[in-house]
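S.K.: Residue numbers (the working numbering), protein chains in the order written: chain A, 1 to 482; chain B, 1 to 482.
Keep in mind that a hint or two might mislead.
Said to hold, decoys possible - Below, computed lysine-lysine pairings styled on BS3-like, alpha-carbon distance capped at 27 Å:
1) LYS4(B) x LYS373(A)
2) LYS266(A) x LYS179(A)
3) LYS384(B) x LYS179(B)
4) LYS62(A) x LYS373(B)
5) LYS263(A) x LYS384(A)
6) LYS62(B) x LYS373(A)
7) LYS482(A) x LYS362(B)
8) LYS4(A) x LYS373(B)
9) LYS125(B) x LYS228(B)
10) LYS482(B) x LYS384(A)
11) LYS482(B) x LYS362(A)
12) LYS384(B) x LYS482(A)
13) LYS362(B) x LYS362(A)
14) LYS4(B) x LYS482(B)
15) LYS482(A) x LYS373(B)
16) LYS373(B) x LYS179(A)
17) LYS373(B) x LYS68(A)
18) LYS373(A) x LYS482(B)
19) LYS362(B) x LYS68(A)
20) LYS482(A) x LYS62(A)
21) LYS179(B) x LYS373(A)
22) LYS373(A) x LYS68(B)
23) LYS122(A) x LYS228(A)
24) LYS362(A) x LYS68(B)
No lab work stands behind these hints, which were simulated from the structure alone. Every value quoted in this text rests on a predicted model; they were computed, and no experiment measured them.
2 protein chains.
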Amino acid sequence: MNYKIIGRIIAEILWIEAIFMFPGLVISFYYNELVAARAFGISELIILAVSGAFYWITRKAKRMLYAKEGFVCVGLAWLVMSILGCLPFYISREIPRYIDCLFEMVSGFTTTGASIVPDVEKLSKGILYWRSFSHWIGGMGVLVFLLALAPPDGNKGGFSMHLLRAESPGPSVGKIVPKMRQTAMILYVMYIVLTILDVIFLAIGGMPLFEAFCHAFGTAGTGGFGVKGDSYASYSPYLQNVTTIFMILFGVNFTCYYLLLMKQFKSVFTDEEIRLYFGIIIGSTALIAINIRNQYETIEETIRHAAFQVASIITTTGYCTTDFDRWPAFSKTIILMLMVIGACAGSTGGGLKCSRFLLLTKGLRRNIHYVLKPHQVQVVRINKRTVGENVLANTNAYLSAYILIIMTSVLVLSLDNFSVEANLSAVLATFNNIGPGLAEVGPTCNFAGYGVLSKLVMILGMLLGRLEIFPILILFSPSTWK
Amino acid sequence: MNYKIIGRIIAEILWIEAIFMFPGLVISFYYNELVAARAFGISELIILAVSGAFYWITRKAKRMLYAKEGFVCVGLAWLVMSILGCLPFYISREIPRYIDCLFEMVSGFTTTGASIVPDVEKLSKGILYWRSFSHWIGGMGVLVFLLALAPPDGNKGGFSMHLLRAESPGPSVGKIVPKMRQTAMILYVMYIVLTILDVIFLAIGGMPLFEAFCHAFGTAGTGGFGVKGDSYASYSPYLQNVTTIFMILFGVNFTCYYLLLMKQFKSVFTDEEIRLYFGIIIGSTALIAINIRNQYETIEETIRHAAFQVASIITTTGYCTTDFDRWPAFSKTIILMLMVIGACAGSTGGGLKCSRFLLLTKGLRRNIHYVLKPHQVQVVRINKRTVGENVLANTNAYLSAYILIIMTSVLVLSLDNFSVEANLSAVLATFNNIGPGLAEVGPTCNFAGYGVLSKLVMILGMLLGRLEIFPILILFSPSTWK
Numbered sequence: 001m002n003y004k005i006i007g008r009i010i011a012e013i014l015w016i017e018a019i020f021m022f023p024g025l026v027i028s029f030y031y032n033e034l035v036a037a038r039a040f041g042i043s044e045l046i047i048l049a050v051s052g053a054f055y056w057i058t059r060k061a062k063r064m065l066y067a068k069e070g071f072v073c074v075g076l077a078w079l080v081m082s083i084l085g086c087l088p089f090y091i092s093r094e095i096p097r098y099i100d101c102l103f104e105m106v107s108g109f110t111t112t113g114a115s116i117v118p119d120v121e122k123l124s125k126g127i128l129y130w131r132s133f134s135h136w137i138g139g140m141g142v143l144v145f146l147l148a149l150a151p152p153d154g155n156k157g158g159f160s161m162h163l164l165r166a167e168s169p170g171p172s173v174g175k176i177v178p179k180m181r182q183t184a185m186i187l188y189v190m191y192i193v194l195t196i197l198d199v200i201f202l203a204i205g206g207m208p209l210f211e212a213f214c215h216a217f218g219t220a221g222t223g224g225f226g227v228k229g230d231s232y233a234s235y236s237p238y239l240q241n242v243t244t245i246f247m248i249l250f251g252v253n254f255t256c257y258y259l260l261l262m263k264q265f266k267s268v269f270t271d272e273e274i275r276l277y278f279g280i281i282i283g284s285t286a287l288i289a290i291n292i293r294n295q296y297e298t299i300e301e302t303i304r305h306a307a308f309q310v311a312s313i314i315t316t317t318g319y320c321t322t323d324f325d326r327w328p329a330f331s332k333t334i335i336l337m338l339m340v341i342g343a344c345a346g347s348t349g350g351g352l353k354c355s356r357f358l359l360l361t362k363g364l365r366r367n368i369h370y371v372l373k374p375h376q377v378q379v380v381r382i383n384k385r386t387v388g389e390n391v392l393a394n395t396n397a398y399l400s401a402y403i404l405i406i407m408t409s410v411l412v413l414s415l416d417n418f419s420v421e422a423n424l425s426a427v428l429a430t431f432n433n434i435g436p437g438l439a440e441v442g443p444t445c446n447f448a449g450y451g452v453l454s455k456l457v458m459i460l461g462m463l464l465g466r467l468e469i470f471p472i473l474i475l476f477s478p479s480t481w482k
Numbered sequence: 001m002n003y004k005i006i007g008r009i010i011a012e013i014l015w016i017e018a019i020f021m022f023p024g025l026v027i028s029f030y031y032n033e034l035v036a037a038r039a040f041g042i043s044e045l046i047i048l049a050v051s052g053a054f055y056w057i058t059r060k061a062k063r064m065l066y067a068k069e070g071f072v073c074v075g076l077a078w079l080v081m082s083i084l085g086c087l088p089f090y091i092s093r094e095i096p097r098y099i100d101c102l103f104e105m106v107s108g109f110t111t112t113g114a115s116i117v118p119d120v121e122k123l124s125k126g127i128l129y130w131r132s133f134s135h136w137i138g139g140m141g142v143l144v145f146l147l148a149l150a151p152p153d154g155n156k157g158g159f160s161m162h163l164l165r166a167e168s169p170g171p172s173v174g175k176i177v178p179k180m181r182q183t184a185m186i187l188y189v190m191y192i193v194l195t196i197l198d199v200i201f202l203a204i205g206g207m208p209l210f211e212a213f214c215h216a217f218g219t220a221g222t223g224g225f226g227v228k229g230d231s232y233a234s235y236s237p238y239l240q241n242v243t244t245i246f247m248i249l250f251g252v253n254f255t256c257y258y259l260l261l262m263k264q265f266k267s268v269f270t271d272e273e274i275r276l277y278f279g280i281i282i283g284s285t286a287l288i289a290i291n292i293r294n295q296y297e298t299i300e301e302t303i304r305h306a307a308f309q310v311a312s313i314i315t316t317t318g319y320c321t322t323d324f325d326r327w328p329a330f331s332k333t334i335i336l337m338l339m340v341i342g343a344c345a346g347s348t349g350g351g352l353k354c355s356r357f358l359l360l361t362k363g364l365r366r367n368i369h370y371v372l373k374p375h376q377v378q379v380v381r382i383n384k385r386t387v388g389e390n391v392l393a394n395t396n397a398y399l400s401a402y403i404l405i406i407m408t409s410v411l412v413l414s415l416d417n418f419s420v421e422a423n424l425s426a427v428l429a430t431f432n433n434i435g436p437g438l439a440e441v442g443p444t445c446n447f448a449g450y451g452v453l454s455k456l457v458m459i460l461g462m463l464l465g466r467l468e469i470f471p472i473l474i475l476f477s478p479s480t481w482k
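Given the sequences, and given the hints that come with them, work out the whole structure.
M.R.: Dropping the structure here:
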């Protein structure tokens with residue numbers, strides 16, 4: 001294990017974190033929130049000191065990395081980033097207990113958006129910025145950002161490939177262009193442009209600029225932290241619809257936008273994952289709208305709420321315009337299913353991902369053929385290309401791990417004696433990086449009621465979900481450290 | 001597709017059904033229940049007439065069968081057997097609606113034990129016999145019974161192999177001895193001996209002989225239909241403990257008993273599935289006992305209830321001595337997990353099966369190794385033997401199908417607007433062939449409240465669960481009939 005390069009990358013990540021945190025200090029001063037400003041200042045110093053120490057220790061590191069180090073590196077980086085990143089919450093005493101600060105920070109970076117803050121409107125502006133911006137950082141990934149910045153000095157042992165693979169969501173990592181560094185840059189440019197577009201559309205609708213930025217960060221990262229207690233309920237229909245559209249856009253595989261820029265329209269419109277994704281959104285919205293028709297006054301309102309919630313849950317954002325915990329069982333069940341399915345691979349969204357769903361159903365169909373005709377060789381194709389057996393095996397292993405983790409987590413949470421529905425939805429909502437669950441953790445409630453053990457399990461669950469299980473499993477697997 | 005042999009086998013199955021139903025007629029006469037006797041008589045005539053018609057149509061059938069026909073045959077046989085087998089319930093008017101009769105019959109044959117009967121103590125003795133005996137038939141499988149009886153006249157196209165494979169539970173079918181017919185005979189002899197032992201032990205404890213037989217049938221098939229409204233709650237601790245032990249015994253792979261008879265003790269005691277199965281039983285009983293300690297008066301009572309419920313749920317039997325819906329969330333969550341895990345492969349129990357659990361976790365571990373070291377070939381071993389890749393692929397496909405079916409079923413059930421907990425547990429309890437669920441379908445309630453569509457979904461779910469998905473999927477797959 002090349003410990004030095006791991007330490008070096010963590011040092012660089014902390015550097016980036018300190019830079020990203022800096023606007024929090026500025027905003028705090030601007031709004032004259034001196035306690036928050038002091039907290040940001042102290043946090044910056046601590047993070048820079050730790051980063052500096054790591055730099056010094058690893059000054060002779062060789063930029064060489066294999067698969068195992070790549071996974072360990074990503075897992076560790078996210079842990080350290082969260083442990084130090086939540087210092088402003090703690091030092092400013094705006095969130096009194098450290099475990100809650102860590103929960104909130106991990107929820108931010110993993111773009112979950114599950115909160116333990118009882119009244120978000122009491123938080124200072126600087127803290128609100130940092131909560132929302134953590135979604136933006138976590139959405140596309142901080143290591144991807146690092147790769148986009150890094151000097152193109154060699155790629156020993158598949159250096160950047162391993163980092164990108166460990167941090168990017170989806171069953172197989174698509175390189176947009178042959179060079180990893182350029183891929184990372186293209187991803188971030190598209191990400192920034194889309195975020196700015198979102199800000200502009202929100203500002204046009206009359207949303208104050210600070211709120212527009214916070215919400216755009218939360219939408220872009222498919223996170224869900226907002227600045228109001230009722231999330232999106234009190235905003236105008238225009239602002240709600242803009243957010244519906246942008247949530248859906250950020251749930252699309254970013255490779256598609258690059259293909260659109262390259263005018264390869266056909267390959268986008270025939271993409272099986274894209275078709276499934278939009279098919280599920282339209283189908284679920286229609287079914288829910290019919291089911292909740294009598295809860296709202298006009299058809300426009302019904303469809304708007306249905307579409308917003310569907311977009312919010314399938315992309316694992318977690319904003320809401322209405323309390324879907326009060327919908328009938330059928331609509332709530334659709335919501336639970338959308339939590340599991342999730343957005344497209346290569347987007348900022350979480351969940352199992354539409355492409356995994358495609359792979360699993362196609363793998364199932366192949367197996368039925370195999371049972372009937374054991375002597376015929378069958379391959380699984382997506383977009384007319386054969387899917388490698390290792391991708392299929394990986395997807396199946398992912399599903400097994402997914403279920404084992406959910407079962408274990410629900411069991412631990414059940415010690416706190418909430419309802420089975422609350423526990424199951426809390427685990428699904430954190431592990432799939434969504435945010436709100438049902439019942440005791442529904443859209444109008446928060447996660448503060450759970451005990452420390454449950455919170456730790458959910459913190460781990462959020463990291464497992466965002467990093468797609470393997471980096472965290474490998475980080476905590478004894479055989480990695482032998 | 002060799003339609004004739006399928007028709008011929010269905011004719012033979014109906015013959016066997018008519019014979020098995022005959023004691024119902026005798027019992028009804030003996031207890032002077034003339035309405036039930038008449039219902040049994042008419043049902044017998046109808047079944048024999050249908051059987052005769054099938055015989056005549058298929059008189060020139062060749063005993064030759066391939067995998068596809070094997071699955072279709074098993075799927076169809078179980079459907080026809082249920083559709084005609086529930087006639088006594090309907091003709092006697094003891095269950096007024098046909099959909100409920102079918103639900104009860106399928107619940108019987110699939111050894112589920114979920115009931116729509118509001119007061120089981122009002123049923124006549126003949127009907128009680130038939131309900132319980134259907135568990136016994138379904139537990140080991142009626143086609144296995146047919147194979148045990150069939151003349152050893154050739155085995156074209158793997159005739160008996162395909163039938164046994166389609167009807168027997170578990171990821172891979174173990175032949176006990178090279179010849180299928182003998183394997184089937186050995187299985188049934190052990191099954192009969194264990195059932196008689198159960199009857200004897202129950203009778204010693206003072207249970208009336210009729211009740212002892214009914215309960216032994218329900219225990220042997222891991223079904224769960226009883227003769228009392230409170231299931232096992234009012235029986236003596238001795239009778240409860242005897243049933244705990246026999247439930248556990250019937251959840252063990254029957255191959256193990258054969259190995260014990262052959263004095264191969266070591267291979268039984270080192271069997272990984274057996275170890276996992278007993279490990280889960282002991283662990284869950286201990287955890288639940290600690291968790292529910294203050295709900296019962298003595299430690300003996302606490303452990304007895306914990307062990308009974310754990311044995312009942314993991315073997316998917318479904319008897320109960322206490323209302324576990326009133327246990328704390330932690331214990332209820334363990335119960336839900338046991339519902340999913342299920343008993344050993346090659347037993348009469350349902351669920352995912354312990355061996356599939358082993359395969360899934362080992363497959364997951366292999367994949368982590370693969371991610372870290374892509375160039376090393378890794379094999380999965382169980383009991384020191386390499387597991388074939390097709391078995392692993394099949395297990396993974398099974399898990400995908402399992403989850404898709406559960407999600408779809410919960411969605412349909414949610415239209416009836418029960419709680420999410422009730423719907424999820426109702427689907428788990430029927431699909432895994434257990435019986436009681438939680439909340440509105442808990443141990444003290446029944447399934448009568450659901451609508452016709454939900455009942456049809458659960459009927460299909462019970463068949464999918466008992467026949468392990470593929471026979472029913474293949475039966476309803478359009479490509480089968482092309």
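S.K.: Decide if the proposed pair is consistent with the structure: LYS4(B) and LYS482(B), CA atoms, cutoff 27 Å inclusive.
M.R.: This hinted pair holds, its Cα atoms lying about 17 Å apart.
S.K.: Does the alpha-carbon distance linking LYS482(A) and LYS362(B) stay inside the 27 Å limit?
M.R.: holds, 20 Å
S.K.: Going straight from one Cα to the other, do LYS362(A) and LYS68(B) come out at no more than 27 Å?
M.R.: It holds: about 19 Å lies between the C-alpha atoms, which stays within 27 Å.
S.K.: Is the straight-line distance between the alpha-carbon of LYS482(A) and that of LYS373(B) 27 Å or less?
M.R.: holds, 14 Å
S.K.: Given the hinted pair LYS482(B) and LYS384(A), is their Cα-Cα distance within 27 Å?
M.R.: Given pair LYS482(B), LYS384(A) holds - Cα atoms ~24 Å apart, limit 27 Å.
S.K.: LYS125(B) and LYS228(B): Cα distance at most 27 Å?
M.R.: holds, 12 Å
S.K.: Are the Cα positions of LYS266(A) and LYS179(A) separated by 27 Å at most?
M.R.: The given pair, whose Cα atoms are some 24 Å apart, holds under the 27 Å limit.
S.K.: Holds or violated: are the alpha carbons of LYS482(B) and LYS362(A) at most 27 Å from each other?
M.R.: Holds: LYS482(B) and LYS362(A) sit about 20 Å apart, inside 27 Å.
S.K.: Going straight from one Cα to the other, do LYS373(A) and LYS482(B) come out at no more than 27 Å?
M.R.: Holds - the C-alpha atoms of LYS482(B) and LYS373(A) are around 14 Å apart, at most 27 Å.
S.K.: Do the alpha carbons of LYS179(B) and LYS373(A) lie within 27 Å of each other, as the hint requires?
M.R.: holds, 23 Å
S.K.: With the threshold set at 27 Å, check whether the alpha-carbon distance from LYS362(B) to LYS68(A) stays at or below it.
M.R.: Status holds; Cα separation ~20 Å.
S.K.: Below or equal to 27 Å on CA atoms is what counts here, so check LYS482(A) against LYS62(A).
M.R.: Since the Cα atoms of LYS482(A) and LYS62(A) sit roughly 22 Å apart, the hinted pair holds (cutoff 27 Å).
Hint violations for this structure: none, all hints satisfied.
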